[in-house]
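Protein chains: 2
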Amino acid sequence: MTRPVVRLALDAMGGDKAPESVVAGADLARQRFPAAQFLFVGDEARIRPLVERHPGLAAVSTYRHTTDVVTNDAKPSAALRAGRQSSMRLAINAVQEGAADGVISAGNTGALMAMAKLVLKTAPGIDRPAIATAFPTMRGSSVMLDLGANLECDARNLVQFAIMGDAFARTVMGTAKPTIGLLNVGSEDQKGHEELRTAHAALRDNKLDLSFHGFVEGDDITKGTVDVIVTDGFTGNVALKTAEGTAQLFSSLLRQAFAGSLGGKLGYLLAKSALNGFRKRIDPRRYNGAMLLGLNGIVVKSHGGTDAFGFSNALGAAIEMIANDVATKIQEELQHLGSDPIDTTPPKPRTAAV
Amino acid sequence: MTRPVVRLALDAMGGDKAPESVVAGADLARQRFPAAQFLFVGDEARIRPLVERHPGLAAVSTYRHTTDVVTNDAKPSAALRAGRQSSMRLAINAVQEGAADGVISAGNTGALMAMAKLVLKTAPGIDRPAIATAFPTMRGSSVMLDLGANLECDARNLVQFAIMGDAFARTVMGTAKPTIGLLNVGSEDQKGHEELRTAHAALRDNKLDLSFHGFVEGDDITKGTVDVIVTDGFTGNVALKTAEGTAQLFSSLLRQAFAGSLGGKLGYLLAKSALNGFRKRIDPRRYNGAMLLGLNGIVVKSHGGTDAFGFSNALGAAIEMIANDVATKIQEELQHLGSDPIDTTPPKPRTAAV
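If you're matching them up, the sequences are chains A and B in order. In terms of this note's numbering, the first sequence opens at residue 1 and continues consecutively. In terms of this note's numbering, the second sequence opens at residue 1 and continues consecutively.
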């Protein structure tokens, strides 16, 4: 049985090392996912020669030429106005037109979310899309959302994030019955601000087919207490970056310890292969690929500074989402929601909150 | 020149390993700070025999007997009502009566803050006390506040936290001109919600004698980008616990890597002394002691699960705060604030937000 073809639109000019890392990442992904086809969007004169170094890749690649790019410091509103011919925008357009099944960019996150919302629109039943990522834990890996698309969220948003996170964990991460936790400053039911308590009650009492654990705290994120961590975009962004920073501090101090003495250096040499497994386990490139969930289409944001290996993992995440039809799974789960399980919270307008 | 005596009231019954770890911690602190004297508050029949095992400690110790304790799961409001004769309350009372210069407890944080506010009162010019802690960074150590006393903060609260953090860094941490950052999801001036932007403008423009860096992000916490991280209690609590959890994940995976193969085990033995420095650098017990700033009195919360070494560091933090007269430094800096530098934000009532 051959897997159906998966067609990916790539913003070939997004990211610090584009287009080189984008092309090299696509070639790595092609080897892991033979069903993948690539539409490179950007400066064809620069991209095509890079692609043609990999005959296997060239055979499954097409191009959409443009010289416009969205810069990293562009505000989303400015990118929307001035970036209509940018590589990012044309790559998103390809999904909307049906020329691709998903889009990947390592460019400006805010611009990507704003353009994706404008072009692909928010999925039915979702008030606000969210950004999600997987990360390593004591028990394996979990997913957290939102990571910054929505700085303030009401209970209704949080419940929808729980549904999207559940669908993502089930389909892409292969977790049979994902447990879901709401990030708070304590695990008792009465803790935290009102939106959290309302979301807690809705997730606890409703008819959703979710395995709701309750409130979790910051240290539960890496403990792997739950498979899905639900939070507002402000808290999620701070938590994710704090974890990244702490991991960097650890790595740096550990490197210094090994390098600082003869015993350290010799010990490192002996333990090297054992430590390689450790390094691999926490390699942020393995977890590269932030998913923009809740849109009519698959959109994945790669870290801007990642290399080919990192980019290939963002492509892998997109391919898994397409192959497992995450969007449909989210829609199915939303049916359980009924009209509105959160009576105390009036629905908010679908504002662009990037 | 002899240092003036520093008198500490100890909630001897607070914490998972009390009163043993409290007594042993006091004995360690006494060896480092010969000017310290201790008032043990709690079950004298249990405490006194422990103290008398250390003749040096017994010579500088007195007792206040009570058998009441505040449990870890008690709500602050219940602790206020029912805990009037608890070891925690009587230890705080000792500061209010002038029998001690500061109080240390490893008990229930919410109850400690609520009782301290009730008994000692909030300091003049401060709307809400905050919880602060030091933590290791790439550049040394920094301090962050609030860590959970105030789940929602307005711009005025954040500016006051900046002043308190500055005074703490200057006096206790010995940083000559501490730099201050406001925790946000981006470093551009226009990022984040309104209270943050108002606080940013006030800290940028005002007449305060502060070295304001601007907005910082989650990964700046451990980078040591600034000496003082200012944030609301919800975000600060999540960030601190996320960092702790990430550190635990790292330590655990590293231990597994060393233990998992012969090379790892041998390498570990060779690198052991080099790694001891690393372990020491990130030892959470070294950073034990959360300061309740903005009260009329020195109050330090020790981690409930720490051992004697950890508890002695919480005592050390209290001693440094007393010896350096942090409370007076905060009051001096508040003078610069004038009537109200934040015209857009009406002062909030002094509500108990624990």
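Treat the hints with care, as some may be off.
One copy or any two copies: either way a pair holds, since identical chains are not told apart in the list.
Said to hold, decoys possible - In silico BS3-like links for lysine-lysine, alpha-carbon gap of 30 Å or less:
| id | residue 1 | residue 2 |
| --- | --- | --- |
| 1 | Lys75 | Lys177 |
| 2 | Lys280 | Lys223 |
| 3 | Lys75 | Lys272 |
| 4 | Lys265 | Lys280 |
| 5 | Lys191 | Lys121 |
| 6 | Lys207 | Lys17 |
| 7 | Lys191 | Lys207 |
| 8 | Lys223 | Lys17 |
In short, the hints are calculated from the structure, not lab data.
Hint by hint, here is what the structure shows:
1. For the identical chains of this complex, Lys75 and Lys177 are neighbours neither inside a copy (39 Å) nor across copies (34 Å), given an alpha-carbon limit of 30 Å.
2. Proximity of Lys280 to Lys223 under the C-alpha cut-off of 30 Å is found in both arrangements, the shortest distances being 18 Å within a copy and 23 Å between copies.
3. For a Cα distance limit of 30 Å, the shortest separation of Lys75 from Lys272 qualifies neither inside one copy, at 44 Å, nor across copies, at 50 Å.
4. When the C-alpha separation of Lys265 and Lys280 is checked against a cutoff of 30 Å, the pair qualifies both within a copy, at 20 Å, and between copies, at 19 Å.
5. In this homomeric assembly, Lys191 and Lys121 come within 30 Å of each other (Cα to Cα) only across copies, at 24 Å, whereas the closest approach inside a single copy is 35 Å.
6. Taking the shortest alpha-carbon separations for Lys207 and Lys17, neither the intra-copy value of 47 Å nor the inter-copy value of 43 Å comes in at or below 30 Å.
7. In this homomeric assembly, Lys191 and Lys207 come within 30 Å of each other (Cα to Cα) only inside a single copy, at 23 Å, whereas the closest approach across copies is 37 Å.
8. Taking identical chains as interchangeable, the C-alpha atoms of Lys223 and Lys17 lie at most 30 Å apart only when they sit on different chains, with a minimum of 24 Å there against 33 Å within one chain.
Violated hints, listed in ascending order, are 1, 3, 6; each of the other numbered hints is respected by the structure.
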